[in-house]
Amino acid sequence: MKALVISGGGSKGAFAGGVAQYLMQDLGHEYDMFLGTSTGSLLIPHLSLNKIDKVYNLFTNVTQRDIFSVSPFVQRKKGNREYVSIDFVNSLWQFIRMKRTFGESKHLKRNIRRNFTKEEFEEILATKEDVVVTVSNLSKNRVEYKSINDCTYEEFCNWVWISCNYIPFMSLATVDGFEYADGAFGCVVPIREAIKRGATEIDAIVLEVEAMETKKVLGKNPFSLMLNLYGHLLDQVERNDVTIGKLAARNKNVKLNIYYTPTSLTENSLIFSKRLMVNWWRQGYDYAKMKHKDPLSNELK
Amino acid sequence: MRALVISGGGSKGAFAGGVAQYLIEQKKNEYDLFIGTSTGSLLVSHLASRKVDEIKEVYTSVTQSSIFSHCPFKIKNKRGVETIGIHHFNIIKNFIKGSKTFGESYNLKKLIDNTTSEEEFNKLKQSNVDVVVTVSNLSLNQVEYKSINECSYEEFCEWTWISCNYTPFMTLVKKNGCEYADGGLGSMVPIEEAIKRGATEIDAIVLQTEVTQLNRMPSINPFSLLTNMFNFMLDRIESQNIRIGKFVATNNDAIINFYYTPTVLTTNSLIFNKEKMTKWWQSGFDFAKHTNEKLSQLEILE
Numbered sequence: 001m002k003a004l005v006i007s008g009g010g011s012k013g014a015f016a017g018g019v020a021q022y023l024m025q026d027l028g029h030e031y032d033m034f035l036g037t038s039t040g041s042l043l044i045p046h047l048s049l050n051k052i053d054k055v056y057n058l059f060t061n062v063t064q065r066d067i068f069s070v071s072p073f074v075q076r077k078k079g080n081r082e083y084v085s086i087d088f089v090n091s092l093w094q095f096i097r098m099k100r101t102f103g104e105s106k107h108l109k110r111n112i113r114r115n116f117t118k119e120e121f122e123e124i125l126a127t128k129e130d131v132v133v134t135v136s137n138l139s140k141n142r143v144e145y146k147s148i149n150d151c152t153y154e155e156f157c158n159w160v161w162i163s164c165n166y167i168p169f170m171s172l173a174t175v176d177g178f179e180y181a182d183g184a185f186g187c188v189v190p191i192r193e194a195i196k197r198g199a200t201e202i203d204a205i206v207l208e209v210e211a212m213e214t215k216k217v218l219g220k221n222p223f224s225l226m227l228n229l230y231g232h233l234l235d236q237v238e239r240n241d242v243t244i245g246k247l248a249a250r251n252k253n254v255k256l257n258i259y260y261t262p263t264s265l266t267e268n269s270l271i272f273s274k275r276l277m278v279n280w281w282r283q284g285y286d287y288a289k290m291k292h293k294d295p296l297s298n299e300l301k
Numbered sequence: 001m002r003a004l005v006i007s008g009g010g011s012k013g014a015f016a017g018g019v020a021q022y023l024i025e026q027k028k029n030e031y032d033l034f035i036g037t038s039t040g041s042l043l044v045s046h047l048a049s050r051k052v053d054e055i056k057e058v059y060t061s062v063t064q065s066s067i068f069s070h071c072p073f074k075i076k077n078k079r080g081v082e083t084i085g086i087h088h089f090n091i092i093k094n095f096i097k098g099s100k101t102f103g104e105s106y107n108l109k110k111l112i113d114n115t116t117s118e119e120e121f122n123k124l125k126q127s128n129v130d131v132v133v134t135v136s137n138l139s140l141n142q143v144e145y146k147s148i149n150e151c152s153y154e155e156f157c158e159w160t161w162i163s164c165n166y167t168p169f170m171t172l173v174k175k176n177g178c179e180y181a182d183g184g185l186g187s188m189v190p191i192e193e194a195i196k197r198g199a200t201e202i203d204a205i206v207l208q209t210e211v212t213q214l215n216r217m218p219s220i221n222p223f224s225l226l227t228n229m230f231n232f233m234l235d236r237i238e239s240q241n242i243r244i245g246k247f248v249a250t251n252n253d254a255i256i257n258f259y260y261t262p263t264v265l266t267t268n269s270l271i272f273n274k275e276k277m278t279k280w281w282q283s284g285f286d287f288a289k290h291t292n293e294k295l296s297q298l299e300i301l302e
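For the protein sequence lines, the chains are H and P, in the order given. The numbering of the first sequence is my numbering, which starts it at 1 and goes up by one. The numbering of the second sequence is my numbering, which starts it at 1 and goes up by one.
It should be emphasised that the hints constitute simulated quantities derived from the structure, not laboratory data. Using N, Cα and C, we set each Cβ at its ideal position, and we do this for glycine too. Possibly wrong hints are sitting among the right ones.
[As the list claims (entries may be wrong)] Partial chain H-side listing against chain P, Cβ under 10 Å, derived:
1) 89
2) 90
3) 91
4) 95
5) 174
6) 186
7) 223
8) 224
9) 226
10) 229
11) 236
[Stated by the list, open to error] Per the computed footprint, the stretches of chain P lying under chain H, defined by three or more beta-carbons under 8 Å from a beta-carbon of chain H, are:
12) 98-106
13) 133-145
14) 175-186
15) 233-245
Bound conformation, chain H alone (with noise of 0.2 Å):
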């Protein structure tokens, strides 16, 4: 069984369907099974059907407001370059209102229901083996995997929502008295629970450079050093879920292939930017073209 592995990393979406569009159209790669995390489970549900220019129309036009109903960012100019800044009045906003994260992200629920239809559900259903997506279920403290097969598809239009919810910026999900956040808190890369499922060749994208190349400033008070220790965890999730699932395919005699970004895309994976995320899917599309002529070793270091 083929399976198709997506990782977290908001904006740079873009770039994992740049590679999967490769994947799939060019060399015609057919997957049974599909598992995303964040990012990775907006595109699932599309890419299990297909429907490449489709997902591409929506990655590359998403903007800030498809996203936020209260967005904790604001974008500023400065010459040419951009950069983004915390939008205070909106933060303090939620505060008032007694709530927990500085940003709400209801406009992405909205816009997940109306892009995907009860129809392509159903499709999905008759198919294919099975689309995950992974949730943190926080008041448990562990990480769930929520398939297409157990779900409505009211409910499973809610997991892939909540498995995008990137807390303290978007909204906190409260499910059956459990609350649940982004994926990526506990799984940023789900290639085990592939296996688990029964996979034996795995083309995994993960949205993150396989070495870091620069060192990182770190925040001058606390608040932005508490966000750079949460980058920091989440890339030592991410690495340890690789690892986990290198060691797991060679347990087990699964073909894995792992597609990483080659350079670091962005610094804060929140903001869309239609300029860069056509960029990214280009890039994508080239650089999985270009490791599929170099094949690289995925060996266990």
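Model the placement of chain P on the given structure of chain H, informed by the hints.
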């Protein structure tokens, strides 16, 4: 080659101390390699030089003020349950001083300097026992392992201290142009590293119950949500470390004996309470005594 691995876990380290005391003094295990993260790294150098009573003394008499020079918490006693609150005044004071963290832990540094003598250190360095502590390099986004063989006395004390610095509540240290913090932020249970360094039989003390036994309470404000998320990720890293350890052990034919805590000791491991820690030390000792060694469970897919 035999190794002892101790995970991070703040005040729960007392339990690990008890387990280690039993393994070293009663079972007479001879270890060639000691690896610790966070609270574990405070223990390992003393365990390696067999100063068990001395470290027990330290662990069972430590207070909040022997750790923090600038404590970001206030401990409240509500109906017999100790809860932690934020010490707003101290945090604001630290903020005004331009510090990057909510609290500072310089007193812990002093404590480490006072309890590890240079003499002991040199003796340990000359012996063929290796002692390793884990630190996180935040600037390069990686975990680093510092061995006693590569450090001077001052450096090693500093690395031990850094390995315990649970940021953002404790000091963030800048060294060689990089910023370092608690090893637990990258590798909570460094079993993989022990195997990489050649260990074939490992006793791993994990300061966490084997299966999660409690539900996390919903957070009440943005701040507690952030700390909740933080702990969630730390727990994930811990279980990933154990899983990787098991995988690598199967691949390399190594044996791991796990010692998990049998019950949830505390939900806030940043409170250092003398009575509790004495009790935990004892219960760790008893636990190791009574438990039948659970041999490495190598069925990896649970």
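* **Structure versus earlier hints - violations, ascending order** => Result: hints 1 and 2 break, sorted rising.
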